[in-house]
Structures are given as structure tokens and as C-alpha cells.
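So the sequences go chain by chain: A and B. Okay, so the first sequence: first residue is 1 according to this note's numbering, each after it adds one. Okay, so the second sequence: first residue is 1001 according to this note's numbering, each after it adds one.
Any given hint could be a false lead.
Said to hold, decoys possible - Now the stretches of chain B that chain A is said to cover, found in silico as 3 or more residues with beta-carbon under 8 Å:
no., segment
1, 1112-1123
2, 1487-1498
What the hints assert, rightly or not - Below, in silico cross-link-like pairs of lysine to aspartate or glutamate (EDC-like), each with a Cα-Cα straight-line distance of 20 Å or less:
no., chain 1, residue 1, chain 2, residue 2
3, B, Lys1455, B, Asp1485
4, A, Lys233, B, Glu1194
5, B, Lys1201, A, Asp244
6, A, Lys374, B, Asp1413
7, B, Lys1149, A, Glu60
8, A, Lys56, B, Asp1138
9, B, Lys1149, A, Asp63
10, A, Lys336, A, Glu400
11, A, Lys149, A, Glu120
12, A, Lys493, A, Asp445
13, B, Lys1233, A, Asp39
14, A, Lys436, A, Asp485
15, B, Lys1374, B, Glu1183
16, A, Lys149, B, Glu1060
17, A, Lys233, B, Glu1190
18, A, Lys216, A, Glu274
19, B, Lys1481, B, Glu1420
20, A, Lys114, A, Glu194
21, B, Lys1233, B, Glu1060
22, B, Lys1114, A, Glu274
23, B, Lys1114, A, Glu120
What the hints assert, rightly or not - According to the in silico footprint, chain A covers these stretches of chain B (three or more CB under 8 Å from chain A):
no., segment
24, 1078-1086
25, 1218-1224
26, 1259-1266
Just so you know, these hints were derived from the structure itself, not from any lab. These numbers come from a predicted model, not from an experiment. Glycine included, C-beta positions come from ideal geometry on N, C-alpha and C.
Protein chains: 2
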Amino acid sequence: MAALFRSSLKLRPATRLSAVRTLTTTPHLRAAEKPFFPDEPTAPKLATAIPGPNNKAAAEKLDKVFDVRSLNMLTDYTKSTGNYIADLDGNVLLDVYAQIASIPVGYNNPHLRKVAESPEMITSLINRPALGNFPSHDWADILNTGILKAAPKGLNQVFTAMAGSDANETAYKAAFMYYRQRERGGPETEFTEEELETTMKNQSPGSPQLSIMSFKSAFHGRLFGSLSTTRSKPIHKLDIPAFDWPQAPFPALKYPLEEHAQENAQEEQRCLQETERLIKEWHNPVAAVIVEPIQSEGGDNHASPAFFRGLREITKRNDVLFIVDEVQTGVGATGKFWAHDHWNLETPPDMVTFSKKAQTAGYYYGNPALRPNKPYRQFNTWMGDPARALIFRGIIEEVERLNLVENTAATGDYLFAGLERLAKQYPEHLQNLRGKGQGTFIAWDTPKRDEFVAKAKGVGVNIGGSGVSAVRLRPMLVFQKHHADILLESVEKIIKQL
Amino acid sequence: MAALFRSSLKLRPATRLSAVRTLTTTPHLRAAEKPFFPDEPTAPKLATAIPGPNNKAAAEKLDKVFDVRSLNMLTDYTKSTGNYIADLDGNVLLDVYAQIASIPVGYNNPHLRKVAESPEMITSLINRPALGNFPSHDWADILNTGILKAAPKGLNQVFTAMAGSDANETAYKAAFMYYRQRERGGPETEFTEEELETTMKNQSPGSPQLSIMSFKSAFHGRLFGSLSTTRSKPIHKLDIPAFDWPQAPFPALKYPLEEHAQENAQEEQRCLQETERLIKEWHNPVAAVIVEPIQSEGGDNHASPAFFRGLREITKRNDVLFIVDEVQTGVGATGKFWAHDHWNLETPPDMVTFSKKAQTAGYYYGNPALRPNKPYRQFNTWMGDPARALIFRGIIEEVERLNLVENTAATGDYLFAGLERLAKQYPEHLQNLRGKGQGTFIAWDTPKRDEFVAKAKGVGVNIGGSGVSAVRLRPMLVFQKHHADILLESVEKIIKQL
């Protein structure tokens, strides 16, 4: 028995077997394929109604000290394996939400366990460096064999950060400094007395009224700068002061794409034109445009590679930086390591931000002029966390060892075909199916979305939504065709209950 | 031999002994005291000029991919022990800067090593949760036995974050939501259509023009909201758009305090009056005032407990929230666990933010109304990192086991007395000595500050500055009297070289 997981995990029995209802699937439908993790459950297991008594009690306890109103489920990570997530009542669900799209190589991945037990990890955890001042002797190696090994084409440097929001905000800061440096005439030009004085009062010209342009329905984070570029839902933004920054329209494509090719092309053209107009005319000059390859939180909104190539051209033509936010799309989920690899850009983005599946964060860049002209302009105490950088290195190794990008592309195609069949069968419940050729980064609209998502646990699946009416699939990179079979059957079961 | 460190560390010999110059100290000056870490070096060791050849080569390599212009020294953390930091050339320095005040219990602390090797740590590292949605079964326990065990008096809840900047910014967000909720008439009042629409355009009333008040010379972080409250140095702020928020004057006290009691009280009174005037008159209404107990990055500026009590009264009287930023002062360094414990407040601060020595971050609060009225208003994917929360728990355990707050208070008094003697001897080089009774959180001004800090490594000490002319001491909580002796001798050696 190839007990790779079991031996290193010392798994307790996942559920009390007497009470367990294992959700079997129709055998002839199951794709035959070698599982990445031999000890993964073969199907979800339901032991109680969800949430069960243990989960309810634990939530009540946690609520005393920690806001649990956004709680989905208390999780027993020691009992979660591969694509399966366990709660505290013996329920084990197929997880296609994966910690809001942030788990890449499965729960309790044995290779990551080795990384977590390594001497480098121990020293990173107990001797946390101020990376800008006192990086460790092996920090260059950790970067070169990890974060930078995965760097997008054309970008060979990194500024490390903690999470998606500050990754984006530090990229914005780099963009503003670059913009003003160019206005000043280069890195050698000193700041004026007026700049030095006004910035201490938060006033222009020292604190200039420049802007970052984002797109309608975009999500780029929740801190003050990133939230000013987030345009997905009012609930994220209400009551929080924001910068007077512009938003461009994002294409609203019609599906199926092949039936609306001309309309969609026109729609994208309209959005590009409006984007360029806003860059030229917005009263607070635009230093950079930021865009997600697929708007995720905002409802899984796609645009074509031609649209993004057009955007790159516009930013070039108007001397505006082009930032691609790959926080949710990055690290393999779309069937390429970076989603913007689908675009065939002539010149790379100026900056690419990452987080989530990378388990660490930051922005990549290539142009040396994006390093601010003086030290301590882009700086903070920790500037990321080497412990999490080591985890990303382990993830990259696992992606290579198991060919997980290729797996995700192939599994995604298989899953998409299955969903297309279901969409024909249940057109009312599976509208605007999208993400074809984008790995497992697949979504559709459904009129009873919240009900759909809520009922999913009852058939053994943990699934998420995005935007107002979309079901978004965000399985891990270790999601295989036999998992897709279970998911497809589960989707049908849910639809039949609606 | 009580080889607690050596056995768990498997330390390689720290330096090539033949080349090493051990900096011995005058024996009769050394305080007799049981060292916390028997295997800590007894004195700094210098093997090369600093930076040595290995450090230079490593810096050159790192610079290719990572901006190293703020580099202080490449560090070999595997060879660093307790209060001593090692570089790549065999130099071992007494570290009184401690990763910008963020290492509390010594390099390679054996208890933290055990925490790092624990099953809870491994699972936290390889199964990173989205804490708001899928917290682990033991998250309440981890909080209650860790972060919340150390909670300031009167504050019993926490919102966890990644680092100081987002800890402060999420506290600001809570303050803005609280302010607007009160204006609306309570948590039950629904948002208006106008609010929902305008916030998507970053416009008032949905995105209101409210403000956070901070103080001149304050430092609260470097993201867009926190940077708008940072007022320490132009280099942090230049070229970055900022909110139109007010800054109040921070008292400029004269030293020695006992010789300027009346003047200083008047100065504090003046600042309090101006603070209240700004709260009443600033065109963007003030939702909260944030203050550091000791302005750290801004130059180690102190104010009296009476000043802070006055501030608490003003905020109460004007219905403005009072946020205490304990990112640098918290976790024992001032001889109390929280620096604001020195103030004897009648009512606790509304929020207290923490990071650095906690090795994780967030804000504490007590008033349940500071939880936003709906879920997902204060939220992000990770909301901190349980791995780092486990480290903080280990730090708290170590602080308790070794009585490190008491140690820091006593060592601080001892060190301060020694510095007072030096100040009498070298009044030109040790001006405005401050931090009496504040543990080891001690600083002074010196006309040749940068030169002083640069020369420190040559006598075996790693030391930092703050503001324009201050030398700031930020030793760890495991800094003992025998370390203070070495530091005092080193300070004198440096002064003699100036």
C-alpha cells in the first residue's frame, strides 16, 4: 500500500464509520486515472447534517473572540487530505473552493510537509528577518529557486509582500514613484523643498493627485489604496474613504462565445476606447492600469487575449504602466502557470502581482527603473515572510513533479465538456458557462446561486460563488478527472433539488 | 554543560577561531547574573572588517533580483544565538536593533524551535486557511492561549492581520464603519441607494470624506491609509497620493525631564488643546485618533502618562475612537507588556494594534459595536497567518517562563543609569537621554548619529537610529545586565572614535 499520505500524516480515521454515508458515484462514469494521492478518499462522506453539532459548538466558542459571521465551516485540517476537506463532525467534502482559490497542491501534501519540517523552515520561523535590512545568507537562493523560478516571462526581479492587497499597493507605489521620476526628468533629479514640505502635509506636489485605473467589477484588495481600485461590490467599500481614481468599463461578453463573436469584439473595442479616453482625460493623471486576467471576485468575467493585447498597446502608447493582478488567476489554475501567458503579449506587463496559491505575495518586475531612485522608499519591516517563500518553492517543485499545470489544462477541458452537456440538459440552471480552455477556472450563472452553493455541502461538495449570480469553480491543481466526475454528478444532484 | 542551545541547534563553530578577535570587557564591570542562554557568546567577535568579503559577494548576488540598497548586513541566522547576530564572515555582533525591534526572545530560541517543530505548526504551514471562512478546529484555542492571553486590559477580541500596516488600516476601517453606523442611527439602519451607488465611484456619501488624525513625526505604516497617517520623514511619503487627514502636534519635551517639568507640562497642554481644536474643526470629520506610546521611527519622542490620559479624555468627549499603535512598543520592551499600561487610563483604548515582537499582527478591541454590522465588511482571504500566531503563543510562554517583562524593566533601569553616567562624561555625544523607567526602550540624540551607528559594528554592536539624530536602543527582552555592560562599554568606545 503506497501509504504516502497516511504514513506521514498519522491520520486518525476520518469519520465514525458506522454513521457515515459514503457518496458513491456511478462506476462506469468514472475516469480511470492514477490518483496523485493514493490515500485520498474516493468520494465525499457525510456523517451529519451540515453544520453538525461539533461545528455549531465550536463556532459559538470562536464567536466570543473572533467575528464568525463570514464563517463557512470550521475545518479539521488534520483530517483533510488532497482535494478533500473535513469538518468537525466527520463530514468530508470534495473541495472545489480551496480556501478561496488559495490551496494549490492539496491538503496535507507530503512534499510540503517535508518542506515544513526542513531546517530552513525552522530557522525562518524562529528568526524572522527584516528582509530589507538583514536578509538571510540564502535569501537570493530561496528567491532564485522559488519565487523567481516561476517569474513571468520578461520579469526577473521581485518585491516581496505579505498578501494580495499589499502586493498590489506596493506595485501602485512603485508606479507612482516611477511616474513622478519621469516627470522630474530622471532618477538623479532631487526632490524640491516644496515637495519635501507638502508631502508631510499630505498635499500636492509632494503627495501628488495621481491615480491608478482599474475596471468595473474588479477586485484588487481591501486596504485603502487597493480598495480604491476594487469595484466589485458595495459591501467591500461602504464607509471607507477612497481616492478619486477612474474605473474603465470591463467587457460584458455574451455566451457561448462562438455565437457572439462579432458583438463581443465590438464590446471589447468599446471598452478599450473608453479606457484610452479616461487615461487621456481623467483629472488625476493615471500612473498605471491594473487588471485581472479573469475578474474573479467580481463574477468571473472574462475578456479575450485580443482585449488584453489592446490594453497593453494603449498603456504603452500613453506611457502608463500595465499591472496584471494574478493574485487569483496565477499559479496554474487557468492551465498556464500565469493566466496572462494565454495572451501572447509582445511586451510583458510592467508588473505582475501574486498571492493566494503562491502562499506568499509580491510583485514581479523587469525594468530596473521600477526600483525607486533611493533606498527606503519601498520598504517595510518584514517585506514578506521567508517561511511562506519556502512553501511557494515547495509548491513549484510539486507543480513540476506532477505536471500540475498540464493536469489542470486537461482536467479543465474534461470538466468543461461535462458542464457543457449539463448546460444543454439544464439550460435554466447553467447559464453563460465560461472558462473554456482556461483550465479549471470555470464558472456559470444560475438564478438561484446562493441556494445552489448552500445545497452543495449536502451532496458532499464545498463550492463557492462570485459576483451576484456566478458559481465559481476553484479546485486545486491536483484536481483530476475522477474528481471532475464526482463534481459533475454533484452539480446535477444539486440542480435536481432546486 | 547545559547545552540547551547547542544540542538543538547543532551549531557549527561560529567563527574561524584563528582569525577572531574577541572583544573582552573589563571584568570588574560585568554584572553577575545567570544567563538565559548558557551557550550564548560571552562577547562579540570580530573576524573581518565589516562588511567582509563574503557579505559583499552575497550582497552583489542578491542585488540582481532584490533591491539591497537598504541592506544593513547579510545575516547567517543559523549561527546567530540569543542576543548575538552573525554575518557571513565570522563576525558575531551584540544585536540591540533586533530586526527593527521585532525579535523578542533571542535568535534560535529553543522553545520557539519546539513550537516550530510541533504538529500544529506543520499543519498550519501546509494547510493555510482562509481564516474568516474556514478557521481550523483549534483556532479559538490558539487565540485564547496566545494572542488573547496577552490582550490589553479591557480588550477581549481580536481581528488578526499580517503586519503593522494592515493592522492599523483594518483598525481605521473599523473606525470609519463605526462612525458612519452611529451617524446612520445604529447597526440596523440599511445603507441608502445613494450610498450603494456612490461608493462604487469612490464618492461621498458611500465613500465618505472622513479622516484619521495622527501626530507629527508619527509612523503608522506605508500602505495608502497608514502612510496618510505617517508623518515621520518625507522619504516614506514622497510621490504617493495621500488622504487629506489632519496631524496634531506631538509634544517636544526637554530633557532631563525633572529640570523642565513645568515647561513640558505646558507643551503637552498646548498639544492637547490643538488636538481638540483640530478634531472639532478639521473639514474631514475625524473618526479616530491614532498614537504611538513612544514615537519610534519618528525619533523616540516620549510624552507623559498625563498627556495620554488627556488624549483619552479628549477622544471620549468628542466621540472619536482612540487607537493605540503598539506595533513597536508592545510585547514587553518598555518594562510593561503594553506600553500604554504605564498610563493608568480610566477607560481602555478603543483599539490597540500590534505586530513586530508579536511576530503576527492585528488589532484588539473590546466594544462589540466595533464589529461591523454585516459580515464581509472586514474581511480578506487569509486574515493573518496561524503559523505566526503559534509563534506569538510560544513567545508569550517564553516571556512568562523567564519573567522577561520584569527582566526588561530591571535591565532597562540598569542600562539607563549607566547611560546617565556616560551622558555626564560625554554631554556633547549623549544628549536628551530618554526612556527612564521605560525598560530598554531608550534613546538619545547625538550630533554625529549616522557616524555613530556606522562605527558600532566595528566595536561589535549592531545598533539602529531613529528620526534625524537619535540612537535608538531596541534590544530583545532577553537582554540582560551583562549585555548592558558590553553595550555601555561599546558606546564609550564609539564616542572616543568620533
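Results of checking the hints against the structure:
1. For the segment 1112-1123 of chain B, the stated coverage by chain A is satisfied: 9 residues place a CB nearer than 8 Å to a CB of that chain, which reaches the threshold of 3.
2. Residues of the segment 1487-1498 of chain B with a Cβ under 8 Å from some Cβ of chain A number 0, which does not satisfy the need for three, so the listed coverage is violated.
3. For the suggested pair lysine 1455(B) and aspartate 1485(B), the alpha carbons sit about 18 Å apart, so the restraint of at most 20 Å is met.
4. A C-alpha spacing of about 14 Å is found between lysine 233(A) and glutamate 1194(B), which places the hinted pair at or below 20 Å, so the restraint holds.
5. Taking the CA atoms of lysine 1201(B) and aspartate 244(A), the gap is about 8 Å. The hint holds against a cut of 20 Å.
6. A hinted pair counts as satisfied when its Cα atoms are at most 20 Å apart, and lysine 374(A) with aspartate 1413(B) does not qualify at roughly 38 Å.
7. For a cut-off of 20 Å, the pair hint linking lysine 1149(B) to glutamate 60(A) stands: about 19 Å separates their Cα positions.
8. About 14 Å separates the Cα atoms of lysine 56(A) and aspartate 1138(B), which keeps this hinted pair within 20 Å; it holds.
9. Taken as a hint, the lysine 1149(B) and aspartate 63(A) pair is honoured in the structure, with Cα atoms around 16 Å apart against an allowance of 20 Å.
10. With a CA separation close to 12 Å, the supplied pair lysine 336(A) and glutamate 400(A) stays within the 20 Å bound.
11. Between lysine 149(A) and glutamate 120(A) the CA atoms are separated by roughly 18 Å; this keeps the pair inside 20 Å, and the hint holds.
12. At most 20 Å may separate the alpha-carbon atoms for a hinted pair to count; lysine 493(A) and aspartate 445(A) meet this at roughly 17 Å.
13. The hinted pair formed by lysine 1233(B) and aspartate 39(A) fails the criterion: a straight-line CA distance of about 56 Å is larger than 20 Å.
14. This hinted pair checks out: lysine 436(A) and aspartate 485(A) have alpha carbons roughly 17 Å apart, not beyond 20 Å.
15. Among the hinted pairs, lysine 1374(B) with glutamate 1183(B) is consistent with the structure: their alpha-carbon atoms are about 16 Å apart, no more than 20 Å.
16. Between the alpha carbons of lysine 149(A) and glutamate 1060(B) the distance comes to roughly 19 Å, so the proposed pair stays at or under 20 Å and holds.
17. For the suggested pair lysine 233(A) and glutamate 1190(B), the alpha carbons sit about 16 Å apart, so the restraint of at most 20 Å is met.
18. Distance hint between lysine 216(A) and glutamate 274(A) is fulfilled; the C-alpha atoms sit about 12 Å from each other, no more than 20 Å.
19. With a C-alpha separation of about 15 Å, the suggested pairing of lysine 1481(B) with glutamate 1420(B) holds against the 20 Å cut-off.
20. For the proposed pair lysine 114(A) and glutamate 194(A), the alpha carbon gap of about 55 Å is over 20 Å, so the pair is violated.
21. A distance of roughly 28 Å separates the Cα atoms of lysine 1233(B) and glutamate 1060(B); the hinted pair therefore is violated under the 20 Å criterion.
22. The hinted pair formed by lysine 1114(B) and glutamate 274(A) fails the criterion: a straight-line CA distance of about 58 Å is larger than 20 Å.
23. A C-alpha spacing of about 15 Å is found between lysine 1114(B) and glutamate 120(A), which places the hinted pair at or below 20 Å, so the restraint holds.
24. Counting residues of the segment 1078-1086 of chain B whose beta-carbon sits less than 8 Å from any beta-carbon of chain A gives 3, enough to reach three: the coverage restraint holds.
25. Coverage of a stretch by a chain is defined here by at least three residues with a beta carbon nearer than 8 Å to that chain's beta carbons; for the segment 1218-1224 of chain B and chain A the count is 4, and the condition holds.
26. Restraint check on the segment 1259-1266 of chain B versus chain A: 0 residues with Cβ-Cβ distances below 8 Å, three needed, restraint violated.
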